[in-house]
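Taken in order, these protein sequences are the chains called A and B.
Going by my numbering, the residue at position 10 of the first sequence is 10; the numbering climbs one at a time, nothing skipped.
Going by my numbering, the residue at position 19 of the second sequence is 19; the numbering climbs one at a time, nothing skipped.
Mixed in with the good hints, there may be bad ones.
Claimed, not checked - Calculated cross-link-like contacts (lysine-lysine; reagent style PhoX-like; alpha-carbon spacing at most 20 Å): (1) Lys69(B) - Lys58(B); (2) Lys71(A) - Lys15(A); (3) Lys42(B) - Lys11(A); (4) Lys62(A) - Lys83(A); (5) Lys68(B) - Lys58(B); (6) Lys69(B) - Lys49(B); (7) Lys68(B) - Lys44(A); (8) Lys62(A) - Lys99(B); (9) Lys62(A) - Lys44(A); (10) Lys44(A) - Lys99(B); (11) Lys62(A) - Lys15(A); (12) Lys78(A) - Lys62(A).
What the hints assert, rightly or not - Some chain B residues close to chain A (C-beta under 8 Å, calculated; not the full set): (13) Leu44; (14) Leu46; (15) Phe90.
Just so you know, these hints were derived from the structure itself, not from any lab.
Using N, Cα and C, we set each Cβ at its ideal position, and we do this for glycine too.
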Amino acid sequence: EAGVAQSPRYKIIEKRQSVAFWCNPISGHATLYWYQQILGQGPKLLIQFQNNGVVDDSQLPKDRFSAERLKGVDSTLKIQPAKLEDSAVYLCASSHGQALTEQYFGPGTRLTVT
Amino acid sequence: AQSVTQLDSHVSVSEGTPVLLRCNYSSSYSPSLFWYVQHPNKGLQLLLKYTSAATLVKGINGFEAEFKKSETSFHLTKPSAHMSDAAEYFCVVSANAGKSTFGDGTTLTVKP
Chain A
1 EAGVAQSPRY KIIEKRQSVA FWCNPISGHA TLYWYQQILG QGPKLLIQFQ
51 NNGVVDDSQL PKDRFSAERL KGVDSTLKIQ PAKLEDSAVY LCASSHGQAL
101 TEQYFGPGTR LTVT
Chain B
1 AQSVTQLDSH VSVSEGTPVL LRCNYSSSYS PSLFWYVQHP NKGLQLLLKY
51 TSAATLVKGI NGFEAEFKKS ETSFHLTKPS AHMSDAAEYF CVVSANAGKS
101 TFGDGTTLTV KP
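Produce the complete structure using the sequences and hints provided.
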């Protein structure tokens, strides 16, 4: 089966600019996650979708970050405006269910904000 | 609330010697616990998971982990390290409605 797809793989922007990331999960996976992984740290959950509804967005900086999952399949994560501290790898993952199930990760998008 | 502490940020072993990567967790609920591996320039991959069945869990590539509730630990072990095991390893706890919390990772170096 095809894995989780993400694009772009790399992005360099200046602070205060906006950027968007795209994720296509494994077919049939109801749950989709966006993580932020800062260099030297573990991934931090930003938002979790169950189909097209939000399950958890408690750690999403809502003043600048937004995410949507239209039709319960693909998802986009947007940052507007970007700050220097947003430099990180943004990981998308999907799973069949919520708790107790394995998450399948995409290759990530490496964002550099200058 | 839940949290994960990986006790060593870096572990270095010689090829053929045992590997021990330590993980302690905290959770208000009965947790599921996972170990993921991240090789350079590759995505995170599941090594093994504990979901309240057997406390000794076997995973891929010869890794295993033991869930010890009394010690709130889930340490990862392998009897004999291989050069290809060099990677970043993450311990993960998942309990409250499936929210996953990752540790900060342990970098495993394998010397020839």
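Right, here's what the structure says about each hint:
1. At most 20 Å may separate the alpha-carbon atoms for a hinted pair to count; Lys69(B) and Lys58(B) meet this at roughly 17 Å.
2. Distance check on the hinted pair: Lys71(A) and Lys15(A) sit about 31 Å apart at the alpha-carbon level, beyond 20 Å; violated.
3. The suggested pairing of Lys42(B) with Lys11(A) holds, with an alpha-carbon distance near 17 Å, which does not exceed 20 Å.
4. About 14 Å separates the Cα atoms of Lys62(A) and Lys83(A), which keeps this hinted pair within 20 Å; it holds.
5. Straight-line distance between C-alpha atoms of Lys68(B) and Lys58(B) comes to about 15 Å, which keeps the hinted pair within the 20 Å bound.
6. A C-alpha spacing of about 15 Å is found between Lys69(B) and Lys49(B), which places the hinted pair at or below 20 Å, so the restraint holds.
7. For the proposed pair Lys68(B) and Lys44(A), the alpha carbon gap of about 25 Å is over 20 Å, so the pair is violated.
8. At roughly 18 Å between alpha-carbon atoms, Lys62(A) and Lys99(B) fall within 20 Å of each other, so this suggested pair holds.
9. Pair hint Lys62(A) plus Lys44(A) holds up; C-alpha atoms about 15 Å apart against a cutoff of 20 Å.
10. Simply put, Lys44(A) and Lys99(B) have alpha-carbon atoms about 10 Å apart, close enough for the 20 Å limit, and the pair holds.
11. Annotation: proposed proximity of Lys62(A) to Lys15(A) holds, straight-line Cα distance about 17 Å (limit 20 Å).
12. Using a Cα cut-off of 20 Å, the hinted pair Lys78(A) and Lys62(A) holds, with the two alpha carbons roughly 10 Å apart.
13. The interface hint given for Leu44(B) is met, as the beta carbon of that residue sits about 4 Å from the closest beta carbon of chain A, less than 8 Å.
14. Here the hint on Leu46(B) is kept, as its CB sits about 5 Å from the closest CB of chain A, short of 8 Å.
15. The restraint placing Phe90(B) at the interface with chain A holds, with a minimum CB-CB distance near 5 Å, inside the 8 Å limit.
Violation of the numbered hints given earlier is confined to hints 2, 7; the remaining hints are satisfied by the structure.
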